[in-house]
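*Asks:* The lines below spell out each chain.
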Amino acid sequence: MDLKDLRQRIERVKAMFPKAHTALIQALHEVRWTYGYLHPEGIRLVSEVLGIGEGEIRDVASFYQYFKFTPLGKYHFRICTNITCMIHGAYDLMAHLKNRLGIEPGQVTEDGLFSYEEFECIGCGDRPPAILINDTRVEGVTTDTLDDLIERAKKGDLDLSTNP
Amino acid sequence: MTLDLKDFQPVLLRNQGKPEARSLQAYLEQGGYQALRKALFEMSEDDIIQEVMASGLRGRGGAGFPTGLKWSFVPRESVRPKYIVVNFDEGEPGTFKDRDIVRFDPHLVIEGTLIAARAVLSEESFIYVRAEYYAEYQILKKAVEEAYAQGYLGKNILGSHFRHEMHVFLGAGAYICGEETALLESLEGKQGQPRLRPPYPAVAGLYSCPTIVNNVETLANVPFIIQHGSQWFRQYGTEQSPGTKIFSVSGSVKRPGNYEFPMGSLTLRQLLEEVAGGPLEGRKWIAAFPGGLSAPILTPDEWDIPLDFESLAQAKTMLGSGAVIALDDSMPVVTYARRMIQFFAHESCGKCTPCREGTPWLLQILQKLERGEGTRHDLELLQRVTHGIRGQTLCPLGDSAAAVLQSFMNKFPEAFERLVQPTTVATS
Numbered sequence: 165m166d167l168k169d170l171r172q173r174i175e176r177v178k179a180m181f182p183k184a185h186t187a188l189i190q191a192l193h194e195v196r197w198t199y200g201y202l203h204p205e206g207i208r209l210v211s212e213v214l215g216i217g218e219g220e221i222r223d224v225a226s227f228y229q230y231f232k233f234t235p236l237g238k239y240h241f242r243i244c245t246n247i248t249c250m251i252h253g254a255y256d257l258m259a260h261l262k263n264r265l266g267i268e269p270g271q272v273t274e275d276g277l278f279s280y281e282e283f284e285c286i287g288c289g290d291r292p293p294a295i296l297i298n299d300t301r302v303e304g305v306t307t308d309t310l311d312d313l314i315e316r317a318k319k320g321d322l323d324l325s326t327n328p
Numbered sequence: 055m056t057l058d059l060k061d062f063q064p065v066l067l068r069n070q071g072k073p074e075a076r077s078l079q080a081y082l083e084q085g086g087y088q089a090l091r092k093a094l095f096e097m098s099e100d101d102i103i104q105e106v107m108a109s110g111l112r113g114r115g116g117a118g119f120p121t122g123l124k125w126s127f128v129p130r131e132s133v134r135p136k137y138i139v140v141n142f143d144e145g146e147p148g149t150f151k152d153r154d155i156v157r158f159d160p161h162l163v164i165e166g167t168l169i170a171a172r173a174v175l176s177e178e179s180f181i182y183v184r185a186e187y188y189a190e191y192q193i194l195k196k197a198v199e200e201a202y203a204q205g206y207l208g209k210n211i212l213g214s215h216f217r218h219e220m221h222v223f224l225g226a227g228a229y230i231c232g233e234e235t236a237l238l239e240s241l242e243g244k245q246g247q248p249r250l251r252p253p254y255p256a257v258a259g260l261y262s263c264p265t266i267v268n269n270v271e272t273l274a275n276v277p278f279i280i281q282h283g284s285q286w287f288r289q290y291g292t293e294q295s296p297g298t299k300i301f302s303v304s305g306s307v308k309r310p311g312n313y314e315f316p317m318g319s320l321t322l323r324q325l326l327e328e329v330a331g332g333p334l335e336g337r338k339w340i341a342a343f344p345g346g347l348s349a350p351i352l353t354p355d356e357w358d359i360p361l362d363f364e365s366l367a368q369a370k371t372m373l374g375s376g377a378v379i380a381l382d383d384s385m386p387v388v389t390y391a392r393r394m395i396q397f398f399a400h401e402s403c404g405k406c407t408p409c410r411e412g413t414p415w416l417l418q419i420l421q422k423l424e425r426g427e428g429t430r431h432d433l434e435l436l437q438r439v440t441h442g443i444r445g446q447t448l449c450p451l452g453d454s455a456a457a458v459l460q461s462f463m464n465k466f467p468e469a470f471e472r473l474v475q476p477t478t479v480a481t482s
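Heads up: the sequence lines are chains A and B, in that order.
Residue numbers for the first sequence follow my numbering, so the first one is 165 and each next one is one higher.
Residue numbers for the second sequence follow my numbering, so the first one is 55 and each next one is one higher.
Certain hints may be false.
To be verified - Heads up, incomplete: computed chain A residues facing chain B, CB under 10 Å, no partners named:
{"no.": "1", "residue": "A187"}
{"no.": "2", "residue": "I189"}
{"no.": "3", "residue": "Y199"}
{"no.": "4", "residue": "Y201"}
{"no.": "5", "residue": "H203"}
{"no.": "6", "residue": "L214"}
{"no.": "7", "residue": "S226"}
{"no.": "8", "residue": "F233"}
{"no.": "9", "residue": "C244"}
{"no.": "10", "residue": "N263"}
{"no.": "11", "residue": "I267"}
Hints are computed from structural coordinates only; laboratory data are not their basis.
Glycine included, C-beta positions come from ideal geometry on N, C-alpha and C.
Isolated chain A, as found in the complex:
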């Protein structure tokens, strides 16, 4: 892991906001985007750059769903199961991932590639059911879509930069 690069990005975030505390959540996103979760090394770096204690950082981070203290899969699926997506079969998607990946929500596949969790509304009720893979939304998802996404991810040609 290139710590120098991460430190620079945290310093840039710090410079963008009027107070170190306001930069905290943005800095933690940088850690999440680097490691896939809040790796202790990243938390230490945020603490050093922003001058906020690690205990306080962990306390704040624990409140937010995007911040996890244990590793996620390289491809993390957030499955919206709120009412609109539920009507459109979101729980079938949950069951399909469980079968296909052989893991429970919150667990990671042995190859480190996949994990998933049940999620609340992600603001895509016009094209349900919708999911997020890392930060990219995929709408109108079927079990076939999931299979396709998983296969492409395994081959390493899943493009996660395509959004509106």
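Keeping the supplied structure of chain A fixed, place chain B upon it in accordance with the hints.
*Replies:* Coordinates of chain B only, in the frame set by chain A:
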């Protein structure tokens, strides 16, 4: 009421489906930033606030508070910095209206924010974007960069000596941060838990300084009001609910999507049947949330109700964020109720005991009913727990959970009763 809106052209969604319209250049070609010029060079702070007050614009995030009045509460003479916070933490389930405003008209939001800033003499603002909207976060960041590059943000804006810095902030997944004081806590790098009020943010908000928190759709209306005047704005909507409103329609409908209409110009039934095309094939509607998951449900016999703030309030529910979710007969009523409570239990921030303890308790009882293990005592318990939450919390989250569950129990008593019958039979 007949639906005759042929001549109505969308205002806020004028560019819907046109991603090319989101550039600063395209915005200027549509007359963009003319309202800001007017606010900077032709109007005083009081003029701006008076115009917004006269327009009757009410907050589009859910509470419907008069926007001009909110702005007037800011002590402008205060030497402390004043902040504008744009609430783009669009977390109310079923809501995706602000997403499309930002997606297709990001500069409209920036311009509205700048006018608000000019009105209360604020030199710094924050746009709080929910983490789930990472794509729109990128769009906004780009639009803000463009605005800086072209002199619409920064020092000496358009040569007016007015200065303003704007920050785009990405949230991290917490529904409660849509509540304005929780949002401010989050911006201060804390857990997003609501604050005790008063003091209200207008007096002591971000960093304890005077702060206006406005929803994206609210601010998107402001440039039009300043440019065309409050009377122009009032040509749409009702006396108490002027202007247009974006409705996000989802659930069991053939044509889900965002639809903008003048407030009160159509009924819930017209929106669901005529605009959204009726229920999914082979299904029958049983109820709808008229204003997001936090709004008590209405059954189809109650749908001849105009969609505006006061009509829905009279029906003991609310317009909320304008998210209409239609429920059909493909699932048991109790499953809908359980999924709704599951949301609130998950999103309860933990600050107030009645909500923190009450919402998971309701969830457990509803899950028990779903499994067919419920007793009559459980139904009484549901009532008792909801009464124990209502009115006992700092923010509306717990209140909404309780009120919406009560609406399910009042409107579908037999659906709940049915689930406890086996026990009754066994003991008799």
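*Asks:* State the violated hints by number, sorted upward, taking the hints as numbered earlier in the document.
*Replies:* Result: hints 3, 4, 5, 8, 10 and 11 break, sorted rising.
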